[in-house]
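2 protein chains.
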Amino acid sequence: MVTITHDKTTKYSNKMSKNIYAYALVREAIAKNIIEKKLTGNLPSERELCATYEVARSTLRQALGQLENMGLIFRKNRSGWYVCPRKLKYDPMRHASFLQYTTEQGFQPSTVLLSKKQIKPCKEISESLHVDKNTSLTSIKRVRSVDGRAVVVEDLSFSNAHLPEIEKHDLSLSISILLKNTYKHHKVLYDISVESCCLFNPIAQHLNTYDGALGLKVTRIVRDQNGVAFEFDREYWRHDALMIENNAKLDVFIQHLKP
Amino acid sequence: MVTITHDKTTKYSNKMSKNIYAYALVREAIAKNIIEKKLTGNLPSERELCATYEVARSTLRQALGQLENMGLIFRKNRSGWYVCPRKLKYDPMRHASFLQYTTEQGFQPSTVLLSKKQIKPCKEISESLHVDKNTSLTSIKRVRSVDGRAVVVEDLSFSNAHLPEIEKHDLSLSISILLKNTYKHHKVLYDISVESCCLFNPIAQHLNTYDGALGLKVTRIVRDQNGVAFEFDREYWRHDALMIENNAKLDVFIQHLKP
DNA sequence: GTGGGTTTTTGGTTCATACCAGATTTTTAA
DNA sequence: TTAAAAATCTGGTATGAACCAAAAACCCAC
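Listed in order, the protein sequences are those of chains A and B. Position one of the first sequence corresponds to residue 1 (the UniProt record's numbering), numbered consecutively onward. Position one of the second sequence corresponds to residue 1 (the UniProt record's numbering), numbered consecutively onward.
Calculated directly from the structure, the hints in this document are not laboratory data. Quick caveat, the model's predicted, so the values are computed rather than measured. Check before you lean on any hint, since a few could be wrong.
What the hints assert, rightly or not - Restraint ranges, calculated between C-beta atoms of paired labels, are given here: (1) B:Gln100 - A:Glu167: 42 to 52 Å; (2) A:Gly148 - B:Val228: 40 to 50 Å; (3) B:Ile177 - A:Glu165: 24 to 34 Å; (4) B:Ile177 - A:Lys38: 30 to 40 Å; (5) A:Asn226 - B:Arg86: 41 to 51 Å.
Stated by the list, open to error - Dumping the calculated DSSO-like pairs for lysine-lysine here, alpha-carbon to alpha-carbon at most 27 Å: (6) B:Lys32 - A:Lys133; (7) A:Lys117 - A:Lys184; (8) B:Lys168 - B:Lys184; (9) A:Lys87 - B:Lys123; (10) A:Lys116 - A:Lys133; (11) A:Lys123 - B:Lys89; (12) A:Lys87 - B:Lys89; (13) B:Lys133 - A:Lys32; (14) B:Lys133 - B:Lys117; (15) A:Lys117 - A:Lys133.
Each residue gets a CB set at the ideal place from its N, CA and C atoms; glycine is no exception.
Input sequences plus hints: build the corresponding full structure.
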């Protein structure tokens, strides 16, 4: 049983006081308990929280929804609300494997290959990779988890011409290591885009979230040293699972700048 | 008066059919109208839409909320819902001014300086800039708009030691041009982080949105050629206003790689 | 015409209720 | 003992009603 600190004299639904809304008061009260670690793991049930804060369920759910947007809590379908684990720091520009940067940060990573097939590129991909609409590409879908929590669905498309027989490798492992070891692509370049998005089924289901949940979409075009694009990635992340980080590579730059 | 295509035989609130929910059907119907440009500018009022789709207002608002998360529509406080303009493409790594990259993309930019003061750094800033907690920094807040729509609130802190008399310049103009012209910082390096966040008052108010709205937080540490950090930025963006983009600088890299 | 007050319209907040669907736990029967 | 069935708990969906706050439209006196 979880005990929540709660000033019993505060009437959360009393909108007269200070022109502050009930949902905002409840939101702040729960946020405070989470930040001060008085609340960990799973939250009390919605109906319990309604009783605690003396608000209707829809008001409570408005507060919970905002805490979810803040990345403080998340839900498991029809099972309950949970305090979010810390975010994964992720540098889409860095040529590091998922395995590497997750373990560096103390997470237990895992990957499941959902599908592997030959596809014809959509307009966006054919334009990005400069290939004809009828060119066959190797396409894979994967779900990646940290500490048993699914955080990203990847949708990767590879140019067969550039990466011969790629479909014969174990594609549930690190692609960046495969590029390095098998195809000798030690230097690659990325075009990255990041934007806020909504996660819909079936992606939402793979991430154990709901249809319409908040996400971050990372798109990446991978090029070789000559600027030839050979890989097109779409990554759909749980919005609460990651923080994009890109650190200036001082050592490299300074080297170049020294006479 | 806006006319909406709508199959009158579809009962949106009939949950029996196909196990698809009313809010999802309404969401898809409105999304379709927006994508097909049958719906532009402002949407009909919520009560009208309720009548059109035969759902309760709370159900409709759930659909509108998801369309908002998708970046398809946005709201002006108590005035109505509007179809989102296209997103601004923004490369936080590029040393380009807001004026420059907005006009390049055909937007009309403007900036309002909200405040300018001397502050003592918080823990995060003092650690990032490697300055003592009692060092005075010049701090400014600005709101930047494109086509009259406020899209980002900036919170910038500068090291006075590194940028002497910075407080005497017009800080509603481009800082990157100021750095270039006045302080001769032609080459700078950035540490960037991007994450999903919630926008609360007063930031939400500056962006003409509501307390708890979705946002993207961009944090940036600016360093000189020697790696010395002298500026700390926090940017709070409307989540529907931007797309982070970073393009591989092929020309530069290829130059380096050529023998 | 026009400025200022009034009315109307709009979204924003909150409530109470009901029932559904899936996860979880408990009970029951083989 | 264990697997299947039932009960229970949880969040998810949906309704409709009421009232509030601010924006927008309107109107009228000057």
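*asked:* Could you work out which of the previously given hints the structure breaks and list their numbers from low to high?
replied: As far as the earlier hints go, 3, 4, 5 are violated by this structure, in ascending order.
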